[in-house]
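Novice: As a plain string of letters, each chain reads:
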Amino acid sequence: MPMKYIEEYRDAELTRKLLDDLAATITRPWTLMEVCGGQTHSIIKSGLDRMLPPQINLIHGPGCPVCVTPLELVDKAIALASRPDVIFTSYGDMLRVPGSERDLFSAKAAGGDVRIVYSPLDALEIAKNNPDRTVVFFAIGFETTAPANAMAVVQAKAQNIKNFAVLVSHVTVPAAIKALMDSPDMQVDGFLAAGHVCTVMGYWEYEPLAEKYKIPIVVTGFEPIDLLNGILRAVQELEAGRSGVTNAYARAVSHDGNKPAQAIIQRVFEMTDRAWRGIGVIPMSGYRLREEFAPFDAEKRFPEIGSIETHESPLCISGLVLQGRKKPVECPAFGKECTPQTPLGATMVSSEGACAAYYNYGRYEKVNHD
Amino acid sequence: MCLGIPGKVIELYETNGMKMAKIDFGGVVKEACMEYLPEVKIGDYTIIHVGFGLSILDEKEAFETMELLKQVDAMGEEE
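From first to last, the protein sequence lines are chains P and L.
Quick note: the first sequence uses this note's numbering, first residue 250, plus one each step.
Quick note: the second sequence uses this note's numbering, first residue 254, plus one each step.
Some hints could be false.
[Said to hold, decoys possible] Computed, partial: chain P to chain L, Cβ under 7 Å:
1) M252
2) S368
3) L370
I should point out that these hints are in silico values taken from the structure, not numbers from a laboratory.
Built from N, CA and C at the ideal position, the CB exists for glycine as well.
Start from the sequences, fold in the hints, and give me the full structure.
Specialist: Here's what the structure looks like:
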């Protein structure tokens, strides 16, 4: 059965036509960053990176939630998962992410009760069924997972499920765009904004950024036609010397976003400084639980995990990859010491990490864009 | 994690006071929470993230985008 809203956005003929139109529009080199790692994977998997006019340099952004979750919190997750009184629940992508010493899979192999859940509500069910142990959910992600993670906390409170807690590592896209644009020698001409983050938040937050930095920001979807449309719209803006926000994903995204979802984020979380793995602390770039929900904060419930000494692999350049400063193939360890089976950094693990995309779809050589 | 997939709402009901739905993803049926889509109806297509519906796909906008893309292309061919 053809899948509505998917098949027609993978049409080969329309892809070719859009590529022709792009070639007819572009007159000079432009560097565009797709913020979202899901888009990176779609671009590489569909081969769009090899079909685009050579003047377009697509660089990959920090929008991989698993990749930017700070090492300290991964280590805390592993410490919690190793406790006999804890059932540790997580989105599956997180399990192979390397901590300082090991990953969550190793903690599981060593006897920790680590369970993959599809939704945070599943973690809540596990808590109901195991009242004698604390169920900790690793609440990571951008604005897309925030409404789900917030709902789990609201429901735990409403249903009086006391043996449930969350280890929060939430980050936001506008803060990342701002940090990238403010960093010296950053060469990005325009952004493809993450379409699914915008289903929640809308795109009003990007308007002041586009104005401040005089750049086009194009809200973009995930299928090949969506991505080409986003790139085309960005190039049209750049060639015309325009900045501002354009919505190239109007079937899913509205200007204001999902108001009930924004309201619950506001209710449960407040803005805070967050450390991004490989990038460092970005001021007011993420969420933490509000005081009202402090009883569900795993870091407060288990204060003994507070001080953990961390160390990164000295070979891994994932921080530079996440900032779009290096392509995965420019890393000396890529495909050698570092593979999805033996990852040195989170970007080689995640289904949204740029290194994993390059490795899995055979981008082993550097492409020259000069 | 941000790769939401579009699916069709085939059943609506309530669990623990939350609005829930059965969603058909081209033959695979999963449960999702519809608390953030109070206006959702059976037959709507929604994008689901980690078990939550976050957006109802707008058929009119989808049609208009497609028409526009085909048009852009037609202009390209004329040149």
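Novice: Evaluate each hint against the coordinates.
Specialist: Results for each hint:
no. : hint : in the structure
1   : M252 : holds, 4 Å
2   : S368 : holds, 3 Å
3   : L370 : holds, 6 Å
Going down the numbered hints, you'll see the structure goes against none, and every one checks out.
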